[in-house]
Structure formats: C-alpha cells, structure tokens
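Q: Chain by chain, the residues:
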Amino acid sequence: MSERLHEKLEILADAAKYDVSCSSSGSKRKNHNKGLGEATGSGICHTYTEDGRCVSLLKILLTNHCIFDCAYCVTRKSNDIKRAAFTVQEVVDLTMNFYRRNYIEGLFLSSGIFKNADYTMERLVSVAKKLRTENKFNGYIHLKTIPGASDELMHEAGLWADRLSVNIEIPTESGLKLLAPDKNIKDMIEPMTYLKKEIIRTKEESKIFKSAPLFAPAGQSTQMIIGASGESDKDIMHTANKFYKGFNLKRVYYSGYVPISNDNRLPELGSAVPVLRENRLYQTDWLMRFYGFHVQELLNDQFPNLDPEIDPKLSWALRNMAFFPVDVNTADLQLILRVPGIGVQSAQKIVGARRFNKLGWDHLKKIGIALNRAKYFITCNSPITDRKDYTEAKIRQFILNESRSKFLTNGGQQYNLFG
Amino acid sequence: MEASSIIFSDKPVNVSYDGTWYGLLTAVFEAYSKKWNVSGFSTINHESQSDFFAEKVIVVTDEAKAQRVWLGLKKKVPKENCIQLYRCYLSEMPGMEFAIFSCIKFYFSGFDSPHLAYGNADVLKISQTSKMVYREKHRMEAFVRFQRTADDLYYAGIEPDFNVIPLLSQHFAERYADQNWLIYDIKRKYGIYYDQDKVEEITLNFSNETGEKTAVKDVFHDSETLYQELWKNYFKNVNIPSRRNIKLHVQHVPKRYWKHLIEKK
Ligand code: SF4
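In the order they appear, the protein sequences are chains A and B.
All residue numbers for the first sequence refer to the numbering used here, where the first residue is 1 and numbers rise by one.
All residue numbers for the second sequence refer to the numbering used here, where the first residue is 1 and numbers rise by one.
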C-alpha cells in the first residue's frame, strides 16, 4: 500500500518538476474558519533542491497519462515511461499531512490530459474543492488550467484556487506548431482571457460587498521554455510583455530547456541547460516590472539577444552613456534606479538618507551599493577618485575583470540578480 | 547603588538591568531622563566585563516607564522601526544594548523621520542587525519540522542563532490553528506551546525521565514515519540533476540547520 504510494509520488513529482513556478505569494487567504493554514504572506521556501531552487509547494501531477504529444515534454504520449495516477483522496491526504508538518505552503497541482480537457479539469477542481470544504484548508493552491476546459470549470477553479496558470511553453506561434502539434494557441489564450475578466469583475464586486468570495486572489501566471525552439531573447521578452500588459499576469516564468529526448526538432540529449540565459531573462523581467524599463529599451531589432557576459541593466547603461553620470544627491528616484549596482531598496534608502546629509562614497557603501559598478555612473559628495571619461568599452572591461573571479567560482553560473 | 541616587552627569555609568526587554527600556528611560553618561549595559546575573572606571547602577524594571519609551518611539518613527529595536535586543549580541540606546536617543533628538538617516552609524547598525534577526525568524518559519506524536501534538525542536522564539508565535498560531503544537529552543531551553486557544511559554524537564531513551516509535504517531519517508522521497525527486548547484543549495539551507531538517537527515 505505502509502497505503491511512494512509487506514484516518485513518478508524479518527477514529471512535475520541469514546471519552475513554485511561488506561493500574492494571495490574501486568511485562516478565517479556524481551519488549517493561511496564504497571506509573501510565501515561504521551506527547503531548496540540490540545484538551488525554492521548494514551497507540493508540486505534482495528478496523472502523467496524456493524449497529447508535445515534443519537449516527458509526459508526451509517445514517450515510453511508467505511468501513474493519484486518486483525489491521495492528493488531499498528502497535502494535509505535509502542510501540518510545516513542509509546504500548499499544493501545485497539474496534470497530463487524460480523455479530454474537461474530464481532467474536473478532477483538478475536485481536489481543490475537497481541500477547501471538507478539510478547511486555507493554504495555497495553484491549479494548472487545462487548455480548452469549459468556462464553468474555469470559474469553479477560480473559486477554490489561489492561482491559476496555463503554460504557453513555446514563445512563438511557429515554434508551437512545430513542437506541440496537438495544441493551438486559441485554446490557451481563451481561458486566460476568461480568467482575466473574472478576476477583474470579482475584484470590483469585493469593493462593494466585503463578503464577496475570493476568486484566484493570486492571479494568473505562465511559463515559457527557453532554448527549445531557436527563439531569440527578444521573442521571449516581447511575448512576456504582452502577457503582463494584455492579461494582467502576475508572473511569467522562464525555464531553461532540460533535454529529455533525441527528437531532432530539439537540442540533443546531454546538451547543457541554458541556466545563464535563463538568469538574464529573469533580470530583464525584473527590470520591466520594478525598475521602470520598457521592454523595447532592453531588447529590440538592433539588440535581439541579451549579453551573456554582463547583466541587462549594465548593458543598457553602457549603450546609453548620455544618461550618466547621475548625481545621487539630487536625481529623481527613477533615474537612480537606472544606475548599475543600485537596487530598488538601495535607491529608496539613498532618497531617504540624502535629506540628512549629502552622501559620499562612504555612505553609499554602507547603504549597500555595489560601488565597483556604480562608481562609473554616479557623482556624489566625495571627490572623484577615478579618472572619469572612460569609454564604455573600458568600463565594461574593468567591471568584467573584477567580477570574473566570482563568476568562475560559481561554475560559470551567475545567480545574483544585480550583484 | 540605586537608580534614584544622584549621579554627576559626566561620570561614566554602566547600567545593569534584569535582561528583559522591559528592563532594557526602563534602563533607557532612566539613562535618558537623568542624562547619564552611559558607558555600557550589563545584565544583573551576569558579571559583565564592565569597565573599571564606570559606576554600576542597577535599574529596577518598571513597566510604566518602559511603556513610556515605547509609546514615545511610536510617535517618532514607524512601527517597523520600533520592532527593529526589539529584534536587535533578541539578537543577544554583545554591545547591542548600547546601540539600541544610542539609536533611541537619536530618534528622540528632534529630526524629521530620523529612521531614514542611514548615514548615522547607530541607525544603520540597528537596521542591519534587525535584518539578520528577521532573516533567522523567517528561516525558522521555513525550517521548523513538526513531528506528530502519538497523543496528537506536533513537536519541533530548533536551535536558532538568535533568540527568535518570541517572534514566531503569531505566525504559527494563525497558520496551525487547529492542531496542538510545541516549538522548543533546545539551546535556550524554553519553547512555545499552542493548545488551539492560546500560546504559552513553557520549559521542559527532560532530565529525570527515563524518557528520552524510550523507543521513539512509542512517542510518535503511527503515520509519522510514512510521511517523513514520503517527504524525503519527494525532496529527492524534485531535484533536476543536470542543474545541480550545491553551492547555491548550501547558501539557502546552511549546514547548521540540517540537523533538524527531515529531508537533510
Ligand atoms: S499536453 Fe501537457 S502533459 Fe501532455 S504532452 Fe503536452 S505538455 Fe505534456
């Protein structure tokens, strides 16, 4: 009995791990009925995998039986692997028992498509419903929505879940046609459009009626696989931008393709996972969401791909030296945010602290600014120690030389966002 | 000598208090209102390395005085900055009382929004230390691993660097409202117990019991091993070997916490 459960968990956790989203933030579900759990904070990573990713949710497939044959997916119909399926009750028990021991923030339930979209979606919804109603579970629930599922089921999913997501996986339509012939873009976009409308409508309602039920309070997200279809960084980020702007998505995730077959439409087995590229894309995503950059400034026809050697903020700064130097004692927050080596928090600290005294290198260092980068782009109350008027190529060289040692000890993978 | 005696304001004073938060706030109140030239703080039971030239003054904890400092602070700086001072106190780091005292003095010095003065060494130190304590609190919220006992208590032992237990009760009481739980600081020998109604501080007495050695199986619920094994198994299977990055892993889950993490045992 428990052996079979172990085996199912192995198969269905393993198949779900390629979905990188593990966020449990953005909801506002309280433990309103003295039940179990809440999802009000920013989410907790209860542990980290040996590849350094956050584990906050029990992330599993309900089943890895699938009628589709998407080339990039281990679960695809034509793949010769062991198949398994949880019962609804098994998923409920696992979630409750893991949660009670403080292993997880909640459940992220996805599934292969068995029989058809509605049949699958119905099962996913019934897990969530059972948790919420019979078990008074108020932890985080993220449900994958199955492309092509009916509006009624989508609506019910929104009532029980905190977050819903449809993974677009391939950022271009041509790539999608090639690699996921059973899927069509319309089936993926439609549920997103429906959910966007419902989320807006219920938000309006809750302003009028305090007791209006929550509807997917943590919104929608999606994921794109990186490096499976020969797409450019510009393709990826412009698509991401459309999702943020057009569908109010909370998050777009980028997942470096992990080679899983020797299908010649895809990178061959054994080729490296593009971890660095993935990191650069996340940095770009942050610049768009928190630093006031427009996607067009970072990636355009002239610069369709990110610079692997330096982060996109530094790269933008070097292309736009006319913006600099910025005087940290007088410049607007928006401008300070554009300085390489200054993050959002430091920028806010600068604006707060400069009212007391004019800031010099010492202050800036204590506030936590990466001066080794920032010094080329700012002036402050201390005398300039370095010769100015360096060319962009020189600055690039200096910064690279300084960070190279760090870069190498990291096994060639740089993870800090803007270190 | 007693706090009420007259002290010449230029004579260095080592302020001795009972080690509690209210005690420290009382000490701050006395030192500030009487304009003592404070050279350091010490707790009453611990002999401090107090400096030879300073006069030792024992302050008796007075809740009303402590409250006056606390309420006064709340008028000067946002709540978050008041809590920062409390977190620093919980850090138990040497010399921290003095930084707290200096920072409070600065907050009362009449500047507008003094908490934003990151150019001030005390303000900065408080902000940085508080961040460290907060991080450990957050880590405990993540790394506590409850084990279900046969009589349905969810028990977790922890050994945090800082004394973060007082910061944990609210989070766990809200989240685990329908189960009895106990989080115990093994190093500091006290814990918090929740009985589905309220949280209480408790100390346990392991010593006399033949207890500790009695088979663990009898202590824990029948299902405990199953779920621990399932969790370990899950942890193993979400890993993607081709992305392996142990350095990053250890950075997020420092080795000193492994002892109490089921998945790392
Ligand atoms: S439909 Fe989903 S589970 Fe099925 S093969 Fe495609 S990506 Fe994989």
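Keep in mind that a hint or two might mislead.
Subject to a maximum C-alpha distance of 20 Å in a straight line, what follows is the list of computed SDA-like cross-link-like pairs (lysine to any residue) [as the list claims (entries may be wrong)]:
#, chain 1, residue 1, chain 2, residue 2
1, A, K34, B, A121
2, B, K74, A, I44
3, B, K264, A, I44
4, B, K247, A, V351
5, B, K247, A, G352
6, A, K34, B, L168
7, B, K125, A, V351
In silico contact screen, one side only, chain B against chain A (beta carbon under 7 Å); selected entries [unchecked claim]:
#, residue
8, I44
9, Y118
10, Q170
11, E174
12, L226
13, L248
14, V253
15, P254
16, E263
Derived from the structure by calculation, the hints contain no laboratory data.
We treat Cβ as the ideally placed atom computed from N, Cα and C, and that holds for glycine.
Q: Against chain A, run the beta carbon of V253(B) and see if the smallest gap drops under 7 Å.
A: holds, 5 Å
Q: CA of K34(A) to CA of A121(B), is that 20 Å or under?
A: Given that 20 Å is the threshold and the Cα spacing comes to 45 Å, the pair is violated.
Q: Holds or violated: the hint that L248(B) contacts chain A, with Cβ atoms closer than 7 Å.
A: L248(B) check passes; min Cβ-Cβ to chain A is 3 Å, inside 7 Å.
Q: Are K125(B) and V351(A) close enough, with their CA atoms no more than 20 Å apart?
A: Given pair K125(B), V351(A) holds - Cα atoms ~19 Å apart, limit 20 Å.
Q: Under 7 Å, Cβ to Cβ, is where Q170(B) needs to be relative to chain A, so tell me if that hint holds or is violated.
A: Result: violated, 11 Å to nearest chain A Cβ.
Q: K247(B) and G352(A) were given as a pair; does the straight-line alpha-carbon distance stay at or below 20 Å?
A: Measuring from Cα to Cα gives roughly 35 Å; hence the hint is violated.
Q: With the threshold set at 20 Å, check whether the alpha-carbon distance from K264(B) to I44(A) stays at or below it.
A: holds, 18 Å
Q: Are the Cα positions of K74(B) and I44(A) separated by 20 Å at most?
A: With a Cα-Cα distance of about 29 Å, the restraint between K74(B) and I44(A) is violated, given a limit of 20 Å.
Q: Holds or violated: the hint that Y118(B) contacts chain A, with Cβ atoms closer than 7 Å.
A: Hint on Y118(B): holds, closest Cβ of chain A at ~4 Å, below 7 Å.
Q: Has the given pair, K34(A) with L168(B), been kept, meaning a C-alpha gap of at most 20 Å?
A: At roughly 18 Å apart (the allowed maximum being 20 Å), L168(B) and K34(A) satisfy the hint.
Q: Could you check if I44(B) really has its C-beta closer than 7 Å to a C-beta on chain A?
A: At 35 Å from the nearest chain A Cβ, I44(B) fails the 7 Å test, so the hint is violated.
Q: Please verify that hint: E263(B), Cβ, nearest Cβ of chain A, below 7 Å or not.
A: holds, 6 Å
Hints 1, 2, 4, 5, 8, 10, 15 from the list above are not met by this structure, while the remaining hints are.
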